[in-house]
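Novice: So the chains spell out like this:
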Amino acid sequence: MKHKALLIILLLLVTQRGSALTAVEADTLAARAARAYAAGDPTAALALYDSVASMYSSAALYYNIGNCHYRSGDMARAILNYERAHRLAPGNEDIVANLEQTRAQIKDRIGELPSFSLGSWWEVLRGGSDPDQWARRSLWSCALFFALLGVGLFIRTAILRKGILALSTIALVGMVVSLFMAYDRHTELADRSSAIIMDAKVDVRSTPSAQGAVLFMLHRGTKVQLLQAQEGWQEVKLSNGSVGWMPEGALERI
Amino acid sequence: MRTLAYFSLLIGLVLGTSDRTLAQEITFKASVDRTSIAAGEQLKLTIALSNTQERFGAPDLGGLVIVQGPFESSNMSIFNGRMSSTITRTWVLTAAQPGRYTIGPAKVKVGGGYIQTDPITIEVTKGAATRPSDPNATLGQQRDPNLFTTISLSKSKGYVGEQVVATYMLYSRYNNLQSVSKELPKISNAWTEEVDLGELHWEEKMQTINGLPYRVAVLRKQVLFPQRSGKLRIEPFEQTCVIDRSFFNQGRTVEVRSNAVEYTVLDLPSGAPADFSGAVGELQMTVTASRTRLQENESVDLTVRFSGRTNLKLLEAPAIALPNDIETFEPKVTDRITVNGNGMSGSREYQFLLIPRHEGNYELPPVTVSYFDTQIGDYKTLSSGPTMIEVLPGDGSATTTLPQRPAQSDIQLLEKDIRHIRTGDLELEPVGHELFASPAWIAGMTAPAIAFMLLLAWRRKQAREAQDIAGSRRKAADRTARRHLKLAEQALQSNDREVFYSALSKALGGYMADKFGTGITTNASETIRRRLADAPDSEQLATNYQRLITACDMARFAPVEEVPRATLFNEAAALIGTIEQRTRS
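Keeping their order, the protein sequence lines are chains A and B.
Counted from 1, the first sequence has number 124 at position 124 by our numbering; the numbering is strictly sequential.
Counted from 1, the second sequence has number 159 at position 159 by our numbering; the numbering is strictly sequential.
It should be emphasised that the hints constitute simulated quantities derived from the structure, not laboratory data.
Be aware that a few hints might be false.
Examples of chain B residues lying across from chain A (beta carbon under 7 Å, computed) [as the list claims (entries may be wrong)]:
| id | residue |
| --- | --- |
| 1 | Arg228 |
| 2 | Gly230 |
| 3 | Lys231 |
| 4 | Leu426 |
| 5 | Pro430 |
| 6 | Leu435 |
| 7 | Phe436 |
| 8 | Trp441 |
| 9 | Gly444 |
| 10 | Met445 |
| 11 | Phe452 |
| 12 | Met453 |
| 13 | Leu532 |
| 14 | Asp534 |
What you are looking at is a predicted structure, and each value in this text was computed from that prediction instead of being measured.
For every residue, glycine included, the Cβ atom is placed at its ideal position computed from N, Cα and C.
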C-alpha cells in the first residue's frame with residue numbers, strides 16, 4: 001500500500017505540465033515554422049518559433065530560432081540563440097558550425113575565440129545531452145542498482161551472487177557518473193554570467209557613469225563575461241581580458 | 001557695241017588733251033528698287049555718280065545688312081562731242097528684323113566740297129521668313145554679322161548617360177579666312193567623346209541665315225554623355241580668326257565668342273534592375289557559342305556581342321555564372337565603335353574562352369544585361385536563352401594550351417553558409433522545467449533506496465522469526481519434558497506399562513530434540529557429548545541417556561523389564577534436571 005501511494009505521487013510529479021500550449025500544439029507550430037523557413041520566409045518562421053519558445057525550450061529550438069535571425073540578417077540575435085543552444089547541447093556540431101559562421105559576420109574580433117574542442121571524448125560524452133538526460137540516466141541506474149541488490153538477497157548460489165554483485169557495481173558507477181554529469185551540466189546552465197551585446201555600438205567606460213573615460217567600443221553581436229552590476233551599469237570582461245563598464249540595457253544574457 | 005566702245009576710246013585719246021571743263025554736270029544719286037520689303041527679303045541699293053572719277057563708299061545702312069556687293073559698273077559715252085561717264089555701285093541689302101530703316105546719305109568729295117545723296121527710308125514688314133532661322137545663328141549674328149560661331153546640341157534634354165551631340169560651327173562671309181586658334185570650353189559632369197573631323201572643312205553649300213549667305217564650317221563635334229542630372233551648361237568658346245591675310249597683307253584679327261548652351265539632364269527613374277549595365281540608349285545583345293559538342297579539355301568560344309547606339313565603351317563584361325567544372329579566362333574584347341555626328345554606335349564583343357574539364361551536359365546560364373531604353377523611357381532587360389554544351393569524354397588528344405589537370409580533384413568549398421534548421425522532433429521541454437534536483441527526481445532517486453531498505457527489513461524480520469521458533473522450543477523443552485514425566489508418573493501409579501514407557505521416551509527424546517534443535521531420530525547421545533563438552537560429566541550423561549532411552553525402547557517394543565519402572569522414572573527425571581542445569585550454567 002505504501003509503495004503504491006509513492007508511485008502515484010511520483011507519476012503525478014513527472015507528468016505534471018502547467019503550460020497552456022500543449023506539446024502537440026507546440027509540435028504543430030514548429031512543423032509550420034520549418035515549412036515557412038524552407039520556403040524562404042524566415043520572418044514568419046521566427047514568429048512561429050517564438051510562440052513555441054514562450055512555453056518550451058530545447059537546443060534544437062534555439063538553434064532554429066538562431067537560423068531564422070541569421071537569415072533575417074540579425075546576427076546579434078542569431079549569436080544569442082546559438083549560444084543558448086550551445087549551452088544546452090555543447091556537443092552538437094551543427095550549432096558550433098553555425099555559431100562560428102555567424103561570428104565571422106560581426107564587427108568585433110577580440111583576441112582568440114574560445115576554442116571548441118569538439119574532438120575530445122569528454123565533450124562528446126558530456127555534450128549533446130542536457131542535464132535532464134543525465135538526471136534520467138541517474139534515475140535509471142539508481143533503480144537498476146537497488147533492483148540488483150534486491151535480487152542478490154534472494155540468491156543462494158555463490159557464483160550467481162558474485163555476478164549480480166559485479167552488475168550492481170557497474171550500475172553504481174553509472175549512477176555516480178550520471179549524477180556528477182547532471183550536476184555539472186546543471187551548474188553550467190544555472191550560470192548565466194555571459195551576455196551578447198545587442199546595441200549597434202556601445203562605449204565601454206572605466207567607471208559606472210557616463211562621465212567615465214571611454215576605454216573601448218564594442219559592437220553588436222560580441223560576447224562578454226558579466227562581472228558585477230551597479231545601478232544600471234554592468235561590468236564586463238572580454239575574452240582578451242579587457243574589463244570595463246557599460247549600460248545594462250545594451251546587453252542580453254545568454 | 002564693241003566697235004562703238006573702241007571708237008569712243010579712240011576719240012577720247014584724241015581729245016584727251018582738250019579742256020576738261022567741257023565735262024558735264026556732276027550728279028550723285030542713290031536709289032532702291034523697292035522701299036518696302038518683308039523681313040528676310042532683299043532689296044537692291046544703287047548709287048550712281050556721274051561725270052566724275054571720285055570714289056565713294058557705302059553709306060550708313062542704318063541697320064540693313066549687306067547680302068552681296070558692291071558690284072561696280074561704269075560707262076562712258078560721247079555724245080555730240082560731249083563726254084559723259086557714270087559709275088554705278090550696287091548692293092544687295094536685307095534686314096532680319098521688321099521695322100523702319102533709313103539708308104543715310106552717301107557722300108562724295110568733289111572739288112572743294114561734298115555732295116551727297118538723299119536718305120532713303122525702307123519699310124521692313126514682318127514677312128514670312130523664307131527659312132526658319134537658327135536662334136543660335138541669330139544670337140551670334142548680332143555680334144558681327146560677317147563672322148560668328150555657334151554651339152548647338154542635337155537635343156535640348158535627355159537622361160543621364162544618354163548621348164547628345166554638341167556641334168561647334170563657324171559661319172563666315174569672309175572669303176579669305178584663317179582659323180587660328182580656338183579655346184574650347186571645358187565640360188564637367190559629362191563623359192565626352194571627340195568626333196574626328198580631320199582638317200577644317202568648309203561645306204560646299206552656302207547657308208542662308210536671315211537672308212545672308214554664309215560659308216559654314218564645322219569646327220568640332222563632341223558626343224556627350226552627361227553623368228549627373230540637372231542643368232548641363234556649355235560655356236561660350238573663343239575663336240580667333242585672321243581675315244585677308246596674304247603675302248602682302250598682315251590681315252586683320254577677329255575674335256569671336258560663341259553662345260552658351262544649356263542642356264537638361266533627367267535622372268533615370270528609380271527601380272533599376274540589379275544587372276543594370278549603365279547603358280542608356282539602344283542596345284542589342286547576341287550570344288553565340290562557337291560549337292556545342294566538344295571533348296573535355298577542348299575549348300569553346302562564347303561570344304557576347306553588344307550593339308546599338310549607346311555608350312558602348314562603358315559596357316563591362318557580363319557576369320556569367322558558369323558551372324564550376326568549366327574553366328574560363330578574362331574575355332577578349334573587340335570593339336567596332338564609331339563616333340560620328342550621329343553619336344556613338346557600333347558594337348562591342350566579349351569573347352570568353354571556356355574549357356570544360358569534365359564530360360557531361362552543361363547548361364550555360366542565360367546572359368542577362370539591362371539597359372535604359374530612351375525610346376520607351378524605361379529599363380529593358382536583354383536575355384539570351386541558355387546554351388547547352390555537350391562535352392564528350394576526351395581521348396587524351398585534346399589540344400589545349402593548358403597543362404592537363406588530374407582527373408580527380410578536391411571538392412571545392414564554394415560558399416560558406418549556415419547549416420539548415422533541425423526539423424522533426426525538437427525535443428521540446430517546458431520552460432523552467434528541469435528534472436535534476438526537482439522533487440520528482442529526488443523522489444525517483446530515493447524510492448529505490450527506500451524500497452531496498454524495506455525489503456531488507458522484511459527479510460531480517462523473517463530470519464528473526466525463524467530463529468525464535470527454535471528458541472521457544474528450547475525454552476519450553478524443560479516444561480514439555482515435565483509434562484511428559486507427569487504423564488509417566490501417573491501411568492506408573494496406575495500401572496499402565498504401555499503409556500508409562502511411551503511418555504518416558506517422549507520426555508527424554510522430545511527434550512533432547514527441543515533443547516538442541518535436533519530431530520528425534522538423530523543420535524542424541526552424540527549431540528550431548530558435543531554440546532555439553534564443557535561439562536565434566538558429559539560422558540556420563542551421554543551414557544546415562546543412551547542407557548535410559550535403550551531401556552525405554554526395549555521395554556516398549558519387547559516384554560523385558562530389566563530395571564524397575566520407578567527407578568527408571570527417577571533416573572530420567574534426574575538426567576533431564578542435570579542437563580537443564582548444565583545448559584543453563
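Novice: Now, for every hint given, state plainly whether the structure supports it.
Specialist: Hints versus structure:
The interface hint given for arginine 228 of chain B is violated, since its Cβ lies 32 Å from the closest Cβ of chain A, which is over the 7 Å cut-off. Interface restraint check for glycine 230 of chain B: the shortest CB-CB distance to chain A comes to about 35 Å, outside 7 Å, so the restraint is violated. Because the closest C-beta pair between lysine 231 of chain B and chain A is about 40 Å apart, greater than 7 Å, the hint is violated. Checking leucine 426 of chain B against chain A by beta carbon gives a least distance of about 4 Å; that is within 7 Å, so the hint holds.
Annotation: proline 430 of chain B was flagged as interfacial toward chain A, and the flag holds, the nearest CB pair being 5 Å apart, inside 7 Å. For leucine 435 of chain B, the interface hint holds, since its Cβ comes within 7 Å of a Cβ in chain A; the closest pair sits about 4 Å apart. Nearest Cβ of chain A to the Cβ of phenylalanine 436 of chain B: about 4 Å, under the 7 Å cut. The hint holds. Interface restraint check for tryptophan 441 of chain B: the shortest CB-CB distance to chain A comes to about 5 Å, inside 7 Å, so the restraint holds.
A least Cβ separation of about 5 Å between glycine 444 of chain B and chain A falls short of the 7 Å threshold, and the interface hint therefore holds. Against a cut-off of 7 Å between C-beta atoms, the interface hint on methionine 445 of chain B holds, since the closest Cβ of chain A lies about 5 Å away. Taken as an interface hint, phenylalanine 452 of chain B checks out: its beta carbon lies about 4 Å from the nearest beta carbon of chain A, inside 7 Å. A hinted interface residue such as methionine 453 of chain B counts as satisfied when its beta carbon comes closer than 7 Å to some beta carbon of chain A; here the least separation is about 9 Å, so the hint is violated.
Taken as an interface hint, leucine 532 of chain B does not check out: its beta carbon lies about 32 Å from the nearest beta carbon of chain A, beyond 7 Å. Checking aspartate 534 of chain B against chain A: minimum C-beta separation of about 33 Å lies over 7 Å; hint violated.
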